[in-house]
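Protein chains: 2
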Amino acid sequence: MSKQTIYYTLTDEAPALATASLLPIFGAFAKEADIELKLTDISLAGRILSAFSDLLPSDQKVEDGLKFLGELTADPKANIVKLPNISASLPQLNAAIKELQSQGFDIPAYPENAQSDAEKDAQARYSKILGSAVNPVLRQGNSDRRAPAAVKGFARKNPHSMGKWSKTSTSHADYMRDGDFFSSEQSVTMDSDQTVSIEFVGKDGSVEVKKSLPLIAGEVLDSMNISCKKLRAFFEESLQDAKENNIMWSLHVKATMMKVSHPIVFGHAVTVFYKDVFEKYGELFNDIGVNPNNGLGSVYDKIKTLPEAQQAEIKQAIEACYETRPELAMVDSDKGITNLHVPSDVIVDASMPAMIRNSGKMWGRDGKAHDAKAVMPESTYARIYQETINFCKTNGAFDPVTMGTVPNVGLMAQKAEEYGSHDKTFEMQADGVMRIVDAKGNVLMQHNVEKGDIWRACQTKDAPIRDWVKLGVTRARQSDTPAVFWLDEERAHDNELRKKVETYLKEHDINGLDIRIMSYNEAIRFSMERIIRGQDTISVTGNVLRDYLTDLFPIMELGTSAKMLSIVPMLQGGGMYETGAGGSAPKHVQQLMEENHLRWDSLGEFLAVAVSFEELGIKHNNEKAIVLAKCLDKATGKLLDTNKSPSRKTGEIDNRGSHFYLAMYWAQELAAQTENAELATQFASLAKELTAKEAAIIAELTEVQGKPAGLSGYYNINLEEVTKIMRPSNTFNQVLASL
Amino acid sequence: MSKQTIYYTLTDEAPALATASLLPIFGAFAKEADIELKLTDISLAGRILSAFSDLLPSDQKVEDGLKFLGELTADPKANIVKLPNISASLPQLNAAIKELQSQGFDIPAYPENAQSDAEKDAQARYSKILGSAVNPVLRQGNSDRRAPAAVKGFARKNPHSMGKWSKTSTSHADYMRDGDFFSSEQSVTMDSDQTVSIEFVGKDGSVEVKKSLPLIAGEVLDSMNISCKKLRAFFEESLQDAKENNIMWSLHVKATMMKVSHPIVFGHAVTVFYKDVFEKYGELFNDIGVNPNNGLGSVYDKIKTLPEAQQAEIKQAIEACYETRPELAMVDSDKGITNLHVPSDVIVDASMPAMIRNSGKMWGRDGKAHDAKAVMPESTYARIYQETINFCKTNGAFDPVTMGTVPNVGLMAQKAEEYGSHDKTFEMQADGVMRIVDAKGNVLMQHNVEKGDIWRACQTKDAPIRDWVKLGVTRARQSDTPAVFWLDEERAHDNELRKKVETYLKEHDINGLDIRIMSYNEAIRFSMERIIRGQDTISVTGNVLRDYLTDLFPIMELGTSAKMLSIVPMLQGGGMYETGAGGSAPKHVQQLMEENHLRWDSLGEFLAVAVSFEELGIKHNNEKAIVLAKCLDKATGKLLDTNKSPSRKTGEIDNRGSHFYLAMYWAQELAAQTENAELATQFASLAKELTAKEAAIIAELTEVQGKPAGLSGYYNINLEEVTKIMRPSNTFNQVLASL
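Chain order of the listed sequences is A and B.
Reading the first sequence from the start, the letters are residues 1 to 739 in the UniProt record's numbering.
Reading the second sequence from the start, the letters are residues 1 to 739 in the UniProt record's numbering.
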């Protein structure tokens, strides 16, 4: 690894296209401070090709960029700028394979049902590419997320819309009071390295080892259980309560992240809501492969094989349920898609902030917004949403103009589980006892379980906790802001963590800092009371609250969580700088192909690269890098203030135009600054040239728009071809080359 | 003053009647421990007669019992049992005068419009008797209120009804966010004894001294203002919000205690609600003497002088208002009496707990309970009700069976004003500045005011604050319970108090105690989170919160605040033991007169006398007194458990019967105890006799019921006559006399 290198990732779709325009600008500026930006391919196509590289001819072989970066995370000087990439679903993977095959790469298809050795080999290779495969490799540290000053300032001056809150709103969070993970959680801290055994003991005394789990000293191990009976009773009560009180019923789960337990929870909601249907057609559904955990959509899908008349009968039975049940919140009222259609449509961390921003309302069958009972069966985190709803009823909607900010320091390193733990989550097949037994045969924890219960264990290592405490203290010091550790007295897991936090806090100078430990309700209330008074509060949380709060607060503060600065200070000392979410990237690519207009906003890249420069400057004692960073931040602020972000409309400034303005403002700032005279001289001419040629460059960037841009690959882009498309201004290219 | 005397007050109505039966029992038992119980007359009639004693013939002269007890409060060994008395309204005063005159007392009528010197003299004498005239004289200490163990235990075993709370309730508290006392409060602590000047400075620079105020060093002085414009705008907005959201509108003020400011606030509510009527008939109303501060009742009352047609027109105009306004909460839906009829009908500290106990509902025009917007313009204390409402929506109604208790230590001594301060409350007659100027001419505080604003100052002396801190610590120690000082960071007054609390806490050993200082919202939330988990928390509060919380929590815990033990540990070392509220006493007297059944429950007296004995025992080192106290508490518990409290139904056990059972259980406990053998011997025979003759005595007490009891005086009772009525069991009287 070169001494002063920033690794910039080549990912997929819009961010990858934008990179073709933006990286040359970053590179040109960085060169003046003796910094090199290297592009590393972690795109879906790149990952596929590298996985089969040994089977491809030498001119088609591709390096494994992800493996390279993964190893780099152990380097204390690692500096990685990570753009959003595709977490491939199966359809996406198949599309990418097809594209690569059509481009002449001789790679196998994905074998849905692998039989031969070759197929099994292919399946194994593809399984490492599917889903969220990049973050676990690169996120070798805890999480530091905040709203950058420029973004916060822009939001204050240009507040997004916020739905008003009525004091008479009937919306609320509904959750289990008993029988859930929260109320059954047990937790222990291991005193030595050892392998524990997760066991099921049947009513007949038989012991089944479900899993052997190697643990290290200091590791926190939790176990907990959701009672199936109590869960179903809760759903029934909640539905009846909603019906009686004439309020819309809306289920919010996290079936993506909790991919074992939450689909089961979701399935119970479906079978309780449509109880009459499932009672009548249960066996039939079983025969034709209906899986309620996949939602009502699965019913509609699978009954297509049945005779028309029977289909009609079932559909009628489904419709009849709506007579006795409360109205369901809709995902797409035009298409009649409800909250219970697909488990992954309504994801709590995104859906609850949207509901809160929308006056506490969800969308109804009539296409209008209505008060809703937001049902989140597990009470662990659901309570913070009820607290927030009560707060909004009392104090009105948050005001982006005046509100403070709640940055987050999240315990994420080494897969801090809290949520997740799929390999240790089990749906009980019989009544009995689930227990965890240590190496000496002592029972560490146990739960009485019944058939259908959802039992899970999860583990959190000590080193990341220690690092997390340090990061919390560092952030409190750097931003001179109170920091609150969100640790709930009523959670066994949190009480184990609390002991560690109290111990590790002693390792730091916290003199003059305001560091507190609070329960979730106290912490969110404290943060909200401060936020409406314009005050900031750092939330130092576990992994789930990291996920939830870095949506909740940013969506209130900034209207989106995509504009957050997301840093992973790695355990080994390096840093990864993540840029915003890429949710809408496919639409962006489509617009580029059809009209040669890329609406992708590279704001996240601007912000991440500034921090990347800054940290590199500090580590290498490179003063110029620090000045580059400061001026880049100022340029970003100016770009926001002057509204030079990409327009959605073809013919107006797009991604490329915004890059030009960033370069111009950045050069102007560098030329004008007095901190580093050499750098000012270096950029004087560039600033002058870009300023003088603004009109010409913008004209060149605009005139290419309106006709299709020829892209020969969607997943496996041709960088040369894309560079031609993304850098169409000769004037701009020449001026930049003159640096 | 005798060395071992308890002063027992003769008051009014039912408590006075009950005294004729109960005091002989207390006296007989006390005698055995060398304690004398002396009866001191502080009844309304007694106070009138003593005020005119110099004008009455010698055989009609009456001692001034209140003055005597007032002086006694300075005695470190003062021991006073204070029963509920009449805080006379003008109609009550007039009725008492009339009764006394008819009994041959030559006292003057109350001169509504005093002209002659004699009339002026009479008015001056009566003014000291009107209203709340007793408590300010006797309450020479702070307040210690708690639910006695026997009462709390009884409530847990026999829970009162509690309305369920719906998660979809739309009820809420509504209050000003700006322009009220809370947001304008200023506060200073005096550094020396001096007289300050409250001044109004007009727009023309003229200075009017409204009041000279002598203050002592360490005294806290506050000033604050309600903006009339903002108050009226708030009412209008609140009404429109209620109308739009179809929720009942309910005004909750404290016109009795805040007798200057709150009637004005109430008046604005009336003139805003009936805006169209007051705009049209304002001048006419002025002419005929309508005072909106007296409520809509005043309109109906005064227009009676107008021609029928005009009356009808006005009534129609009033009815028309209901078309454009939200539904009003009713005080008496049968009679069509709304919340705006009379200012003293709905008193926040009683009405809000009732609403919260009743599922957050108030009574509507249809005689049914509905969700309501509870309007309390001043936000200072209103916020705790919103917090409570949110809490109930989230957690459901409180459960008397499992809930903990919240005793109170209240800052009350030396008229700690906070509320009150009638002589320093002004309705502004013009725009200008209200300021307080110290002896050197420095402006301590000032407010810009507008015509119609309500400005007030209020004072709190240092010695009571110091004593209050001590009492808080003592109670925390004695009951081993966390104590929370409710001091709001956002209130200027509370910040002055906070400094003193922090200083005075250092005077005490608080090692091992859990003593906290919290804002109101934090404190009530903390207390509620604990209470639903069965945990107790002492609230250490100012004078208003004392008043509010000793209704709110007791009504949730016990169903009534009348069963609370209320102690005033006096600044000079003595103690006053107050017994429960006498709100429904007039109805009780009526039932006695008609059916010779007194349903008054002397539970408060049982509890107060037990503490009175206990404290006397400690002070005089009288062991027997302490044992008497313990056994009395046990007897009270047994009486509750065996359901020997008075029935409301004639023919069943009434007040007298419950006194018998108290005596029997008390004697049994004394005979059975082993702590003091002498006392056991002394009471052995009594216990035996009472137990043996239970049936006979109850029969004698029951057979007198069902026919009218002849009472020759309502206000000025004839104690001999009343004693005959109240002690009708010869058997019981003889057994008691044999002691």
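Watch out, some of these pointers could steer you wrong.
[As the list claims (entries may be wrong)] Below 25 Å or equal to it, Euclidean Cα-Cα: the simulated DSS-like pairs (lysine-lysine) are:
| no. | chain 1 | residue 1 | chain 2 | residue 2 |
| --- | --- | --- | --- | --- |
| 1 | A | K243 | B | K707 |
| 2 | B | K164 | A | K164 |
| 3 | B | K164 | A | K243 |
| 4 | B | K243 | A | K230 |
| 5 | A | K152 | A | K506 |
| 6 | B | K707 | A | K164 |
| 7 | A | K211 | A | K440 |
| 8 | B | K688 | B | K587 |
| 9 | B | K707 | A | K368 |
Don't read these hints as lab results, they were simulated from the structure.
Comparing the hints with the structure gives:
no.	hint	verdict
1	A/K243 to B/K707	violated, 55 Å
2	B/K164 to A/K164	violated, 29 Å
3	B/K164 to A/K243	holds, 17 Å
4	B/K243 to A/K230	violated, 40 Å
5	A/K152 to A/K506	violated, 33 Å
6	B/K707 to A/K164	violated, 64 Å
7	A/K211 to A/K440	holds, 16 Å
8	B/K688 to B/K587	violated, 36 Å
9	B/K707 to A/K368	violated, 68 Å
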